[in-house]
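Please build the complete structure, drawing on both the sequences and the hints.
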Amino acid sequence: MSRSFEGVEALRDVSLELRRGEVVGLIGPNGAGKSTLVNILSGFDRPTRGQVLLEGRDVTRWPAHRRGRHGLARTFQHSHAFRALSVRENVEVAALGVGVSPREAARRADELLELLGLADEADLPAAALAHGDERRLGVARALATDPRFVLLDEPAAGLPEAEVPELAAAVRSVRDDHGAGVLLIDHNMALIMEVCDRIHVLDQGETLAEGAPEEIRGNLDVAAAYLGESAVREEEE
Amino acid sequence: MRRAAQLTELAGPAALVLGAALVGMAVSSSTETYFVDTLVKVSIVVALYVFIGNSGVLSFGHVSFVALGAWTAGVLSVPASEKPAIMPNLAGFLRDTTVGNVPSLALAALAGSVLALLVGLPLMRLSGLAAGIATFAVLEIVHNVLRYYDKIGPGLNTFSSVPETTGLWQAAIGALIAVALAFAYQRSRFGRQLRAAREDPAAASAAGISVYRQRLVAFVLSGALAGFAGGLYVHLLPLNTEALYLDLTFVTLAMLVVGGSTSLLGAVVGALAVSGLDSLLAAAENGIDVFGAHLDLPAGTRVIVVGALMAIVLIARPGGLTGGRELRLPPRRRRAEAPTATESA
Chain A
1 MSRSFEGVEA LRDVSLELRR GEVVGLIGPN GAGKSTLVNI LSGFDRPTRG
51 QVLLEGRDVT RWPAHRRGRH GLARTFQHSH AFRALSVREN VEVAALGVGV
101 SPREAARRAD ELLELLGLAD EADLPAAALA HGDERRLGVA RALATDPRFV
151 LLDEPAAGLP EAEVPELAAA VRSVRDDHGA GVLLIDHNMA LIMEVCDRIH
201 VLDQGETLAE GAPEEIRGNL DVAAAYLGES AVREEEE
Chain B
1 MRRAAQLTEL AGPAALVLGA ALVGMAVSSS TETYFVDTLV KVSIVVALYV
51 FIGNSGVLSF GHVSFVALGA WTAGVLSVPA SEKPAIMPNL AGFLRDTTVG
101 NVPSLALAAL AGSVLALLVG LPLMRLSGLA AGIATFAVLE IVHNVLRYYD
151 KIGPGLNTFS SVPETTGLWQ AAIGALIAVA LAFAYQRSRF GRQLRAARED
201 PAAASAAGIS VYRQRLVAFV LSGALAGFAG GLYVHLLPLN TEALYLDLTF
251 VTLAMLVVGG STSLLGAVVG ALAVSGLDSL LAAAENGIDV FGAHLDLPAG
301 TRVIVVGALM AIVLIARPGG LTGGRELRLP PRRRRAEAPT ATESA
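Keeping their order, the protein sequence lines are chains A and B.
Using the numbering used here, the letters of the first sequence correspond one by one to residues 1 to 237.
Using the numbering used here, the letters of the second sequence correspond one by one to residues 1 to 345.
In case anyone wonders, no lab produced these hints; they're calculated from the structure.
Check each hint, because a few of them may be wrong.
As the list claims (entries may be wrong) - Each pair of labels, with its calculated beta carbon distance range:
1. A:Asp123 to B:Gly319: 16 to 22 Å
2. A:Asn30 to B:Arg317: 48 to 54 Å
3. A:Ala130 to B:Ala184: 30 to 36 Å
4. A:Asn30 to B:Gly319: 33 to 39 Å
5. A:Gly99 to B:Tyr148: 52 to 58 Å
6. A:Glu9 to B:Ala180: 53 to 59 Å
7. B:Phe250 to A:Ala130: 41 to 47 Å
What the hints assert, rightly or not - Among chain B residues calculated to face chain A with C-beta under 10 Å, some are:
8. Lys151
9. Val211
10. Gly324
If you're wondering where the values come from, they're calculated on a predicted model, not measured in any experiment.
In this text, a Cβ means the ideal position worked out from N, Cα and C, and glycines have one as well.
Here's what the structure looks like:
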């Protein structure tokens, strides 16, 4: 698919496939088109050319909420918590959104708050959460919809290094216990390398490379795009 | 435990309504009228709250649902023998049909909800300023239709001869019904989804919530309650289209804002507080004796004071008197490691 904004091409002939039960990493420098791609996949933007298929159905023209109801969940880069609602209500309402009963929504909320270590904060207003807790709340909310596919937009951004392993475990649990496909966008290369089955590299709106973590790690082009010239020079020396 | 905590949310507003009714019983019959009027205002403001409070979208159009409700209940309850005198051009069906008090209120609610549905289908796609302006247009259109289309009501005349069934009890029970429905709605899956959408529409869509559909549900329920309140109102005093127009729109919105637009408690507190002030000032414009001093304020004082009060609240306390919060039991914290004084004593 492609996407232009007033003549500037943000994405050029990018094709990405996410299957259930796998974690795909989406990496690239700022401005590479990662967020544009996530917005198109989740229905917050439309491609200029190309289409979005969800389990074989063309959903290109579907609004975001309809995709949400059909098993596609996402988190946001910046905080999008329902601030006046309690942490528990944030998770419950996400489940209600996809049509489950209030009782089932409450059950899922209890389970997810436990999984993501938010049980002690359940009755606080979401506005009171610390940054790291807020990132985890976003993930809990996405999982409350019992999705078949999850797009995680920089879930580790601003997270203390010590909390990253917990997040990695949560991502693996989504893949292994829920059988969902996860698209993981992040700048934390250690996290990406650790949990991803495949990695897709974007640069200036184009696919630069795609493959297993080992292949990508060895690809100097990626290093140049991602880490900058200096890093490449250091490696060459 | 959680259920009990939820019920305090209902108990606060309900107790205020009952309290106002009880005080209304204790005062002289001329003062009682103010309390009846106040309780009808509570119903109108709660109707406004159901949509505005839960969605965060402003509506200037709700008084048109109140007006249509008043027209529906009024036209259908004026005794058939008196209809030709005040409504000479009434359409045949309306001229020949007369219903009792309770059915007239139910039909007023129905009329309000149908109008809200028709208007909401196109308008609920809008947010913010666009929604405010568009709903204002609805108020204008409905006002002019009721004013000049005299096949469906008294037109420019005043609605006299409507049985005055809205006494203190009818007004109080009506307000309690409105409060109970508003409470049930905000705890329902619909109300919770709309409140999430109010906080963050994008995140709500990502969770599968159709913001449009949830707004429409609230708008229709809110229209039904507004129509119902209009029915109560027309059974209280003889109304005309002017009484169901800009002043009422302004004062009811001021009540919601002053009380705190995001909570049911705020809607009720605001309606009671501003009504009390408004009634006092209205009386003072005609000259009253308060605590021995004679108070005689120039006409127009009440609107100025209420307007200034709304502005002050918006600046100094944007969440309103209640801060937009419900009455809740204090949250119980987990204190495994720190027993409280009462436990150790």
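Status of each hint after checking the structure:
For A:Asp123 and B:Gly319, the hinted distance range of 16 to 22 Å is satisfied, since their beta carbons lie about 20 Å from each other. Range check, A:Asn30 to B:Arg317: about 41 Å between beta-carbon atoms, so the 48 to 54 Å window is missed. Checked against the hint of 30 to 36 Å, the pair A:Ala130 and B:Ala184 passes, with Cβ atoms roughly 35 Å apart. Checked against the hint of 33 to 39 Å, the C-beta distance between A:Asn30 and B:Gly319 comes to roughly 37 Å, which is consistent with it.
Taking 52 to 58 Å as the suggested C-beta distance range, the pair A:Gly99 and B:Tyr148 does not conform, at roughly 46 Å. About 56 Å separates the C-beta atoms of A:Glu9 and B:Ala180, a value consistent with the hinted range of 53 to 59 Å. One distance hint, 41 to 47 Å for the beta-carbon pair B:Phe250 and A:Ala130, holds here, with the actual separation near 42 Å. At its closest, the beta carbon of B:Lys151 sits 42 Å from a beta carbon of chain A; the interface hint therefore is violated under the 10 Å criterion.
Evaluation of the B:Val211 hint against chain A yields a held restraint, the C-beta minimum of about 7 Å falling below 10 Å. The beta carbon of B:Gly324 is positioned within 10 Å of a beta carbon in chain A (closest approach about 8 Å), and the interface hint is therefore held.
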